[in-house]
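Chemist: Take a look at the letters that make up each chain.
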Amino acid sequence: MAAVLLSKSERAYIQSSLKATPPLRADGRGLLDFRTVLLETGVAPLANGSARLNIGKMAREGGGGTEIVAAAKLEVEDVESGDGVDGGRVACSVTCSPAAYPHLSSNALDELQHDLSVILQQTIGHPSLHPRNLTIIPRKKSWLLNLDAVVLADAGNVVDALFMAARAALWDAKVPRTRAVQYRAPEALKSAKNDVPGAMDVDEGTSGFDTRDMARTAADFELPDYWDEGETLDGREKWPVCVTLNLLTPRHFLDATPAEEASVPQRLHLMFSFVPSAPPTLQAMRLLGPEELDLKDLKESIAFGEQYAKELFTALETKLREEDNRRNIKARDRFALMR
Amino acid sequence: MSSRIEILNDGGFRSDGRKQYELRDITIDLSQQGTADGSAMITHGLTQVLVTVFGPREAKMRSQTLHDRAVLNVEMSVAPFSTGDRRKRSRADRRILELSAMIASTFEPVVQTTLYPRSQIDIYIHVIQQDGSLLPACINATTLALITAGVPLHDFVCAVTGGVHSTSPLLDLTTLEENDVPHMTVAVMPRTRKVTLVTMETRLHVERFRELFELACEAGQTIHKEMKAAVKERTVALVGAIDAGSKPGVVDERDRDVFMGESI
Numbered sequence: 001m002a003a004v005l006l007s008k009s010e011r012a013y014i015q016s017s018l019k020a021t022p023p024l025r026a027d028g029r030g031l032l033d034f035r036t037v038l039l040e041t042g043v044a045p046l047a048n049g050s051a052r053l054n055i056g057k058m059a060r061e062g063g064g065g066t067e068i069v070a071a072a073k074l075e076v077e078d079v080e081s082g083d084g085v086d087g088g089r090v091a092c093s094v095t096c097s098p099a100a101y102p103h104l105s106s107n108a109l110d111e112l113q114h115d116l117s118v119i120l121q122q123t124i125g126h127p128s129l130h131p132r133n134l135t136i137i138p139r140k141k142s143w144l145l146n147l148d149a150v151v152l153a154d155a156g157n158v159v160d161a162l163f164m165a166a167r168a169a170l171w172d173a174k175v176p177r178t179r180a181v182q183y184r185a186p187e188a189l190k191s192a193k194n195d196v197p198g199a200m201d202v203d204e205g206t207s208g209f210d211t212r213d214m215a216r217t218a219a220d221f222e223l224p225d226y227w228d229e230g231e232t233l234d235g236r237e238k239w240p241v242c243v244t245l246n247l248l249t250p251r252h253f254l255d256a257t258p259a260e261e262a263s264v265p266q267r268l269h270l271m272f273s274f275v276p277s278a279p280p281t282l283q284a285m286r287l288l289g290p291e292e293l294d295l296k297d298l299k300e301s302i303a304f305g306e307q308y309a310k311e312l313f314t315a316l317e318t319k320l321r322e323e324d325n326r327r328n329i330k331a332r333d334r335f336a337l338m339r
Numbered sequence: 001m002s003s004r005i006e007i008l009n010d011g012g013f014r015s016d017g018r019k020q021y022e023l024r025d026i027t028i029d030l031s032q033q034g035t036a037d038g039s040a041m042i043t044h045g046l047t048q049v050l051v052t053v054f055g056p057r058e059a060k061m062r063s064q065t066l067h068d069r070a071v072l073n074v075e076m077s078v079a080p081f082s083t084g085d086r087r088k089r090s091r092a093d094r095r096i097l098e099l100s101a102m103i104a105s106t107f108e109p110v111v112q113t114t115l116y117p118r119s120q121i122d123i124y125i126h127v128i129q130q131d132g133s134l135l136p137a138c139i140n141a142t143t144l145a146l147i148t149a150g151v152p153l154h155d156f157v158c159a160v161t162g163g164v165h166s167t168s169p170l171l172d173l174t175t176l177e178e179n180d181v182p183h184m185t186v187a188v189m190p191r192t193r194k195v196t197l198v199t200m201e202t203r204l205h206v207e208r209f210r211e212l213f214e215l216a217c218e219a220g221q222t223i224h225k226e227m228k229a230a231v232k233e234r235t236v237a238l239v240g241a242i243d244a245g246s247k248p249g250v251v252d253e254r255d256r257d258v259f260m261g262e263s264i
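Those protein sequence lines, which keep their order, are chains A and B.
According to the UniProt record's numbering, the stretch in the first sequence is residues 1 to 339, in order.
According to the UniProt record's numbering, the stretch in the second sequence is residues 1 to 264, in order.
Hints are computed from structural coordinates only; laboratory data are not their basis.
There could be a bad hint or two in this list.
Claimed, not checked - Pairs of lysine-lysine, DSS-like flavour, derived with a Cα cap of 27 Å:
1) A:Lys-310 x A:Lys-57
2) B:Lys-232 x A:Lys-57
3) A:Lys-8 x B:Lys-60
4) A:Lys-174 x A:Lys-330
5) A:Lys-174 x B:Lys-88
6) A:Lys-319 x A:Lys-57
7) A:Lys-140 x A:Lys-57
8) A:Lys-238 x A:Lys-299
9) A:Lys-140 x B:Lys-60
10) A:Lys-330 x A:Lys-319
11) A:Lys-310 x A:Lys-174
12) A:Lys-19 x A:Lys-8
To be verified - In silico contact screen, one side only, chain B against chain A (beta carbon under 10 Å); selected entries:
13) Gln-32
14) Leu-46
15) Gln-48
16) Val-51
17) Ala-79
18) Phe-81
19) Arg-118
20) Tyr-124
21) His-126
What the hints assert, rightly or not - Coverage of chain A stretches by chain B, computed from C-beta distances (three or more under 8 Å per stretch; other residues unrestricted):
22) 43 to 56
23) 90 to 97
24) 237 to 243
Backbone N, C-alpha and C define an ideal beta-carbon position, used for all residues, glycine too.
In isolation and in its complexed conformation, chain A is listed as follows (with noise of 0.2 Å):
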């Protein structure tokens, strides 16, 4: 997505290296070969939900590879004001750093970010994804689920990066518990008043204590207080992996470097979701670059990119459990010996 400047020669050597048998990439890695991938989760304590994504990061210099940060928070919005829509929505936006493309000008930055920033609300926003627990009173009041990645920097693969920082942002936040509050007359009153229609006039005022008129459903909602800050996102095993192929036909790698997708004709993001005990589905899919792709091709690519999308699913997912645990689990049997 960024372009990055390459010479036409450094193109035809990078793109004959990756032809060669066996192919040769500039760091040593296969074709299907991921760079390391580190993530830890809770990296901002004003966000709901937060992770923090780096992808080849150099570990003797400490530096280096593509870092995206992503954090999900949540608002209330007032569904009958018209702010809000019943049931909750979800918002997606991502930044770049200036200095993660320091050849782009900032108009240029601007249509990157608005890019990244659709690619995710299509696909993260999308209905079949949506949970169901934004919802605190129906058609009153629901939460608004923004979703915020800033990508640092790139080191190419951002889509990648960008798609698994979500789904360990929104895997990571908590829904606050809600509790409605409703206001009702005290049984006694009502009832009196009801048997003896117009016995007696009585004026009653107008305190701001009498709530007997008023409508007997929820009104509002409190937080109850509670050791954790919530639940988690209801269908959270169903957000989005996204692997991108790039494609030199006939052959295809995983997780290009800035000069690797510079060379690349084309290349093809896949997001896929799966849900345990169901088939894998298709979530959204983006063919990007000038060459056209044969149906044939694009069905064979979609199936490979199945595959390796299953094993990054598999591996994030590990790792979301286990980032779980240390910090949720553990936190809670700290509460427990502590009571």
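Go by the hints and put chain B onto chain A.
Modeler: Okay, now just chain B, sitting in the frame of chain A:
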């Protein structure tokens, strides 16, 4: 305006358990970020700022260069999740422009810009979390990023915020305290003992100013020690790496998992 939270209680403790002049924990990470020439991440209490420096390099817009010195270009971005209530600030937000202008003017007399005529030094600041003392954290991180980028500076710039609660001065305020007490930010050059920035957005009694100002300058010296230690540690590691590479007999033993034969 007063809040229900006690800024300073009778025992002399602040709302987060610190004493009046106690600074929050500072963690400095000077590792490389992407393709930047220099970078620094400062975690100051719960405030976290990442600064990356590019340059001196040729400017993207030639018209903005000066013939006799380098131009400092400061761009700042605030993560939408950095504050309590989510708010997305664009790059042209007034507050952000003001902060970046302040940082640029703080560093103009410190960076030896005359050494690089017709070039530009880009300073990109990311605010990842904020809990008070945002400007000092940005300034301290920028100093360190410029140093790691190898940009010649006259001196360090060390900044700190100070506030006054009734008559007692406080140092290094959190958001809670910033909302409640008059405060100012002071940036000092510890070696030359010059001051490059004093800014205040609230009103402070003139009699309190002197005391607070002197305290802030002293706190700047303390922060300088912390920053110098971080720079020294990184430099020692770099020099060690150079030595390991140049001498044939010495092998860098740090986290080596593959041992080649005795021939090395």
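Chemist: Hint by hint, note whether the structure agrees.
Modeler: These are the hints, each one checked on the structure:
1. Straight-line distance between C-alpha atoms of A:Lys-310 and A:Lys-57 comes to about 23 Å, which keeps the hinted pair within the 27 Å bound.
2. The straight-line distance between the Cα atoms of B:Lys-232 and A:Lys-57 is roughly 23 Å, inside the 27 Å bound, and the hint therefore holds.
3. At most 27 Å may separate the alpha-carbon atoms for a hinted pair to count; A:Lys-8 and B:Lys-60 meet this at roughly 24 Å.
4. Between A:Lys-174 and A:Lys-330 the CA atoms are separated by roughly 16 Å; this keeps the pair inside 27 Å, and the hint holds.
5. Pair hint A:Lys-174 plus B:Lys-88 holds up; C-alpha atoms about 21 Å apart against a cutoff of 27 Å.
6. Between A:Lys-319 and A:Lys-57 the alpha-carbon distance is near 17 Å, which keeps this suggested pair within the 27 Å criterion.
7. Taking the CA atoms of A:Lys-140 and A:Lys-57, the gap is near 46 Å; set against the 27 Å cutoff, the hint is violated.
8. Proposed proximity of A:Lys-238 and A:Lys-299 is supported: the alpha carbons are some 23 Å apart, at most 27 Å.
9. Simply put, A:Lys-140 and B:Lys-60 have alpha-carbon atoms about 51 Å apart, too far for the 27 Å limit, and the pair is violated.
10. Annotation: proposed proximity of A:Lys-330 to A:Lys-319 holds, straight-line Cα distance about 16 Å (limit 27 Å).
11. About 25 Å separates the Cα atoms of A:Lys-310 and A:Lys-174, which keeps this hinted pair within 27 Å; it holds.
12. This hinted pair checks out: A:Lys-19 and A:Lys-8 have alpha carbons roughly 16 Å apart, not beyond 27 Å.
13. Evaluation of the B:Gln-32 hint against chain A yields a held restraint, the C-beta minimum of about 3 Å falling below 10 Å.
14. Given hint, B:Leu-46 at the interface with chain A, holds; its Cβ is 7 Å from that chain's nearest Cβ, closer than 10 Å.
15. Using the Cβ-Cβ criterion of 10 Å, the hint placing B:Gln-48 at the interface with chain A is satisfied: the shortest such distance is roughly 9 Å.
16. Against a cut-off of 10 Å between C-beta atoms, the interface hint on B:Val-51 holds, since the closest Cβ of chain A lies about 9 Å away.
17. A hinted interface residue such as B:Ala-79 counts as satisfied when its beta carbon comes closer than 10 Å to some beta carbon of chain A; here the least separation is about 5 Å, so the hint holds.
18. The beta carbon of B:Phe-81 is positioned within 10 Å of a beta carbon in chain A (closest approach about 4 Å), and the interface hint is therefore held.
19. Below 10 Å, beta-carbon pairs count as interface contacts, and B:Arg-118 has none with chain A, the closest being about 18 Å; its hint is therefore violated.
20. A distance limit of 10 Å between C-beta atoms decides the matter here; for B:Tyr-124 the minimum to chain A is near 4 Å, and the interface restraint holds.
21. For B:His-126, the interface hint holds, the least distance from its beta-carbon to any beta-carbon of chain A being 6 Å, beneath 10 Å.
22. Look at the stretch 43 to 56 of chain A against chain B: 5 of its residues bring a Cβ nearer than 8 Å to a Cβ of that chain, three or more, so the hint holds.
23. With 3 residues carrying a beta carbon less than 8 Å from a beta carbon of chain B, the stretch 90 to 97 of chain A meets the three-residue requirement, and the given coverage holds.
24. Counting residues of the stretch 237 to 243 of chain A whose C-beta lies closer than 8 Å to any C-beta of chain B gives 0; at least three are required, and the coverage claim is violated.
The structure is inconsistent with the numbered hints 7, 9, 19 and 24, although it conforms to all the rest.
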